[in-house]
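K.L.:
These are the residues of each chain, in order.
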Amino acid sequence: MLQMRKLSKVYRTHLIETHALRGFDIHVREGEFVAVTGPSGSGKTTFLNIAGLLEEFTDGEYLIDGVPVRGLDDNARSRLRNEKIGFIFQGFNMIPDLNLFDNVDVPLRYRGFKAPERKARIEHALERVGLASRMKHYPAELSGGQQQRVAIARALAGDPRLLLADEPTGNLDSAMARGVMELLEEINAQGTTIVMVTHDPELAQRAQRNVHIIDGQVSDLEHVTPLARVAARGAEAAVA
Amino acid sequence: MEIKPILSTLMRNKTGVFVIAAQVALTLAIVANVFYIVRDRLAEANRPSGVDEDNTFMIGVGAYRPVVDPMADIARDLAGLRALPGVTHATLANQMPLAQSGNNSGVSVDRSQQQISTSVAFYEAADSLVDALGLKLVAGRDLAPSDVIEIQVGENSPEGPFPVVVTQALIDKVFPGETQPIGKLLYLGVGPNADELRIVGVVEALTTPWGRASWGLANRGDVSMIVPFRRATDSPLYIVRTEPGARAAAMKAAEALLVKPGNGRVLGANRSMTELRERRYRSDRFMVGLMGTMTGLLLVVTASGILGMASLWVNQRRKQIGVRRALGATRFDIVRYYLTENFIVTGIGIVVGIGLAFALNAMVASELGLERLPLAHLGIGVVLLWVIGQIAAYAPARRASLIAPATATRSV
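Those sequence lines, one after another, are chains A and B. Be aware that the first sequence starts at 312, since it is given in the numbering used here, and climbs by one per residue. Be aware that the second sequence starts at 676, since it is given in the numbering used here, and climbs by one per residue.
Hints in this document: simulated from the structure, not taken from any laboratory. From a predicted model like this one, the values you see are computed outputs, not experimental measurements. All the given hints hold, so there is nothing to weed out.
Each computed SDA-like pair below joins lysine to any residue, with the alpha-carbon atoms no more than 25 Å apart:
no.	chain 1	residue 1	chain 2	residue 2
1	A	K430	B	E677
2	B	K994	A	Q457
3	A	K425	B	I1019
Chain B is faced by these chain A residues, among others (derived, beta-carbon under 7 Å):
no.	residue
4	E366
5	L409
6	Y421
From the three backbone atoms N, C-alpha and C, an ideal C-beta is built for every residue, glycine too.
Whole structure, please, built from the sequences with the hints as guidance.
P.N.:
As structure tokens, this is what we get:
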């Protein structure tokens, strides 16, 4: 689904060169739920930006759903981003002047769907996150957890193959974070590939696989089977 | 097109929308009316006078010594003028088209009238003014030498009846729809003693000395008549027509002929018809220039307002533009969003401005003698403001489109 080979990203100013990623290799398979962890400044966000086609890389190779992205122009990158990738941001990134319906509508309009199809998709996506009854509300009228659910609905409405989540629970309290995480697991269980950047080791543990980044390189991989995850969740529930 | 979300966004940013829309509305109201006034003034300044303007001039002289026999002097002057190289016609007259000074009289069409039907520029000419000014006779005949009535110094104007040549504009005004005006009677003034005037000829046009008539603007200054008076005066005014290209030399020669050292005369004025037109409409042209400049500045201020507001909105929404880009908007989508938003805001101003334009027109129309604002002028104003709005908003829209999609993932 997502494959990077010997990928590097260098930020250059007239004074300094910063290697944000170097020799970066990763392969995320279809249907996986991968957590990307690492200390601040390790290159997690750079990885996410490049994975989401928000930034270009300096060298190496990157294929998304088998399509090499090197050399694609801005329009092609925008189209690919719109069709294949859903984003969930740490700060929710709702558009404050639009109600929930119109917020979820944003990527669908760029996709070129007709109004009836957009309406059906928006209603379905909001139903999926449990907020269909509040589609005329504005983001400021919702809690952080609800806003993040709307963001997830917005990311899902276009049926992306890959969901990229940037600290999706970073601005939420633990109860809300748990709810969002369960929603992501449910989405993953339905077949959507998820790559989640997080600081939180507990959340990372709930992913199938952890990728740890240090100094712009993948330092180790930890595989967790879905079965083990389910068992771990059962144990947590028993303790609670 | 993102009309609905844009409207939704604008509804939540009413102050900015109000400021720009109000500015656009006022600008449209002013611009549309200024266009109309400017066009009206320019049309007036370029309106045909009916005169062969390229080949005519007037020369007037004054006397600083008593004149013994003014009629003899006038006859000698005219003979001399007609003998000048290139001169084809010359006549004594009391006034000149567009010279901004002259006589007008009231006329009526019935002795029972209590009020005059119209005022009319009252041209007195001893010889053919039709020939001297190159007027186009469209009906009847010119005044003949046998029609001429001599008026000595100190005498009052004679009582009628006497023949007159009138302009088509006068016929249209006092006998609307009349196709056989020859032989019709007019009366100088009102009441049972008003002098009788019999129309013997009609000229296509003869503008008044003021151009746009000062007493009523609707007639546009073409309501004139010519009466066959030879009025003795020590300050005669002559109207002279020349062959093409001979006017400048003829004007010099005429001045040399009429004003000589020791002949007791001073030059009053020696002006070509071209100069008279230029002098008559100089203030109008100045006003057109001034209004044009002020309107241009107003448009610049409005464009600056749109530019400023669009820039502010782009700066305020950097993060959300990044989010839109991250969600799949192309650069073109972003440019289109901001241009559409500007189109809508300008459109709100335009809708209000159309109403304001008509209200302003209603206020100034009666003052300036204008008719109702033509829709075409409003259309020009509407298109102009929309185009200016789009041009002003383009730079901020383009800047917005260059905001990196990665802005969406930055915390600040």
